[in-house]
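Using the supplied hints, reconstruct the complex from the two chains, each of which is provided in its own coordinate frame.
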Amino acid sequence: MSQATLGIRRISGHAGPAPGDDVERDYQVCKLIDTTTCIGCKACEVACLEWNGYTFTDTVFDNSYQTMPETAWNYWNLIKFNEHEREDGSITLLMRKDQCMHCADPGCLTACPADGAIVQYTNGIVDFQQQNCIGCGYCVSGCPFDIPKFNPTTKKMFKCTLCVDRVSEGLEPACIKSCPTGCLHFGSKDDMKDLAETRAKQLRDNFGFEKAGVYDPAGVGGTGVIYVLHDVTNPEAYGGLPKDPRIPFLVRFWKGPAKWIGNLAMLGGILGVTLHYLRFGPKQVDAEKRENGGQP
Amino acid sequence: MELSRRTFLKGALVGGAGFSLLGFDLTPAVAQLKELKIARATETRSTCPYCAVSCGVLIYTIGDKAKNVTPQVIHVEGDPDHPINRGTLCPKGASLEQDILNPRRLLKPQVRRPGSDHWEDIAWTQAIDEIAHWVKKTRDDSFIEKDAQGRTVNRCESMAWIGGCTDTNEFNYLVVKTMRSLGLTYLENQARV
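Quick mapping for you: the protein sequence lines, in order, are chains A and P. Under our numbering, the residues of the first sequence are numbered 627 to 922, in order. Under our numbering, the residues of the second sequence are numbered 117 to 309, in order.
Bound-form chain P, shown alone (with noise of 0.2 Å):
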């Protein structure tokens, strides 16, 4: 059979557009996939602060600290490197991220006087004033120079001091040197980080 160029041009066009009419594709299928919530997020390395543990979160903030980009965060998850959890955490840890995007989360100093049956917002330099003016009245107050046996111990009895497992080391040398000046015995630093 005699096949001229034009007929083969004609039958080819007709018979690829009656194929790709029909759906004949064979281009392999795929999907696409939901993207990786995290992949242009910033990572930062912080620490658990629920219980003594302390393990080690990773907290993935998006937007890029432009000026005028309020960054948030949208992720929290364990951190592999950390040597205490190694990439693990509880089901309160897991749940860090509704613990910062928390409507009811404090971002105040708040106080209850004694008495009083709720707690009300002071502002940051109210609070250290007085946190600062209880601390003096009660030093001055229970400060045990000598023993019953007239030995100097410059002890404060009636305070106490408990850390947070987020302190750092840092943290917590100057916390151990502030409380013993004060004569503080009962001191609990929670030492982790």
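Okay, chain A solo, but in the shape it has when bound (with noise of 0.2 Å):
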């Protein structure tokens, strides 16, 4: 067994900042990919599959070229194909590659209740800690991209883990590295940013996408797997990509101010009785009471 271990800035359910989460400072990795230049071949699909282990399931034909509707608990890398209609009528195939957007302020974090079965690493992955995971499922409420799915053999919650294990490694992750046509980078989220930037400035310009442009959505804190999108105003053209992705008010809620008032409520009543007893005393059983051994 190795003893290969990784940094800590946050942790689900935990009472507390991460200890430690501030004494070394990592890069923050992320993926860049560039859906104008995918053509669709499912290499990342597979080099996916065969690191992690998992066979290949069956597929789910639903009119287009897509492999299955949805990603799954063994398939967290999905190629999502949307027929688009062009402005003079014509069709063009946007093909965006769908997995776990590692955001900076995790949504599926925030949300989780059990201690320690969700983390961000120092290098902002974020992954699953299964052992630790009790199959609640409110990571997937609170997930914005919907990419948490549910192990019903194990009762376990699992998801893409951006190849942590290579990546601590020095290596990129499979994805990236199988993709033949080189849409999918790999590098420091500064770096990724500068490239990103530079791709859709060159489709502006170049390439009549007036439209093209970076998504990093500022929601969720920016996200660890970054898009270079034909028409960044309408990213929901590309198999459901939210607008502008936050993490749920209720899950902010429940997890943040409701627990303050909770404490709140628990200090009160403790408070009140205090008080009352210092002003009223000790509870006095009335005479007649005592004389019936207790009954009315």
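Hints may be right or wrong, so weigh each one.
[Unchecked claim] Pairs of lysine-lysine, DSS-like flavour, derived with a Cα cap of 27 Å: (1) P:Lys150 x A:Lys781; (2) A:Lys775 x P:Lys153; (3) P:Lys150 x A:Lys775; (4) P:Lys224 x P:Lys262; (5) A:Lys837 x A:Lys881; (6) P:Lys183 x P:Lys224; (7) A:Lys781 x A:Lys881; (8) A:Lys782 x P:Lys153; (9) P:Lys153 x P:Lys181; (10) P:Lys208 x P:Lys224; (11) P:Lys153 x P:Lys208; (12) A:Lys782 x P:Lys224; (13) A:Lys869 x A:Lys881; (14) A:Lys881 x A:Lys782; (15) P:Lys183 x A:Lys781; (16) A:Lys819 x A:Lys869.
[Claimed, not checked] Far from chain A, some chain P residues (derived; all Cβ distances over 12 Å): (17) Thr143; (18) Gln148; (19) Val169; (20) Asp180; (21) Val292; (22) Gly299; (23) Glu304; (24) Asn305.
[Unchecked claim] Covered by chain A, per the in silico footprint, the following chain P stretches (three or more residues, Cβ under 8 Å): (25) 184 to 195; (26) 209 to 218.
Hints were generated in silico from the structure; no laboratory data involved. Quick reminder that beta carbons are idealized off the backbone N, C-alpha and C, glycines included.
Right, here's the structure in full:
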């Protein structure tokens, strides 16, 4: 067994911040997906399955080239094929690699009640620790991208790990390595943002995609997976990529203010009881009741 | 306030125990990672057998080659040093591990006889013998020594050779020498590696 470990920045369901989250500065790793050069060959899907040791499952035909309608607990990486009508009426295929976005402010981690079941490493990767997972499925309600999936056999949640076992050893994720057209890139977040902006500018200036841009939603604090889109004003066309993903309000409220309100209510109760005791003293049993052996 | 050594030690012990019991811990939080599955594997360079592009692949095998150990292929990925694919692979090539570890993989030569509707297993020796027999027979039957105008051509047009993308340069050299000596003209050795 290796003893490889990685520092943690955030822990789910943990009282207080993760100890030692600021002792060392690590690079933020990032995947760049250039949807304009994706040819939909699905090499990344196969490489993902192969590296993570999952066998091929039955594909589901749904009148498109897509392998199956949604990612599955053992199928973390799915190219979404979308027929899109251009303004002149012609049809184009928009292909987007769908997987965990590794948000800087992860909704799954916020929603998770199990201590240490979801962690965010110092390099920004959000990972599920299945040994701590209680299978409640709260992460699904917290995720704006609908990524965590439930394994009915082991009753645990699974999702893309950004190949943290490879990344921590200095290798790129399996999907990135396989991509034959080079539409997938991997590096530090700064470098990838730079590369993405350069590519988007190239698309705007030279290829006539006036709305081309980079998808790095600020609603979840930026993501560890960024896209270059032909039309960044309409990400929904790429298989339901949310325009402004946010952690749902109820999840935020339940995990934030509700806890303080609950704590305050509890403290208030204790305080009230104490004050009542000091003001009125202990409860006296009526003399009549005492004579009847406690019965009224 | 006077603080005796004894009181100080008592207080420190009780206080420390109390903090530990309450879960007060300053060690940085770390998570153990899944082991890199190719960390102790043998890396072997090979060529993807599927199409004529012949991408380079790395085959990772576990087992230390000891006498009583059968090595096991655990992973296949692209070879970054290969000039053709530079580490990338197509979906078919990316699934090579499942081609190697496939119960339906052919390990013996098979033959489908004329008029037969199924393949049957034959031994290697028998396969080589039969191929040699048919090559000899076909060449004897259809060898063209002179063409219609009486020029010497010495060719055999009723056979062809198709190579594979994993054939090496040296193998292809031998193939061309051998096939040309038989008089073959339809010759595609798919020279890639």
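Each hint, compared with the structure:
no., hint, result
1, P:Lys150 x A:Lys781, "20 Å, holds"
2, A:Lys775 x P:Lys153, "24 Å, holds"
3, P:Lys150 x A:Lys775, "20 Å, holds"
4, P:Lys224 x P:Lys262, "40 Å, violated"
5, A:Lys837 x A:Lys881, "37 Å, violated"
6, P:Lys183 x P:Lys224, "25 Å, holds"
7, A:Lys781 x A:Lys881, "23 Å, holds"
8, A:Lys782 x P:Lys153, "22 Å, holds"
9, P:Lys153 x P:Lys181, "18 Å, holds"
10, P:Lys208 x P:Lys224, "23 Å, holds"
11, P:Lys153 x P:Lys208, "22 Å, holds"
12, A:Lys782 x P:Lys224, "43 Å, violated"
13, A:Lys869 x A:Lys881, "24 Å, holds"
14, A:Lys881 x A:Lys782, "21 Å, holds"
15, P:Lys183 x A:Lys781, "42 Å, violated"
16, A:Lys819 x A:Lys869, "18 Å, holds"
17, Thr143, "7 Å, violated"
18, Gln148, "5 Å, violated"
19, Val169, "10 Å, violated"
20, Asp180, "17 Å, holds"
21, Val292, "31 Å, holds"
22, Gly299, "41 Å, holds"
23, Glu304, "25 Å, holds"
24, Asn305, "25 Å, holds"
25, 184 to 195, "holds (count 4)"
26, 209 to 218, "holds (count 5)"
Hints 4, 5, 12, 15, 17, 18 and 19 from the list above are not met by this structure, while the remaining hints are.
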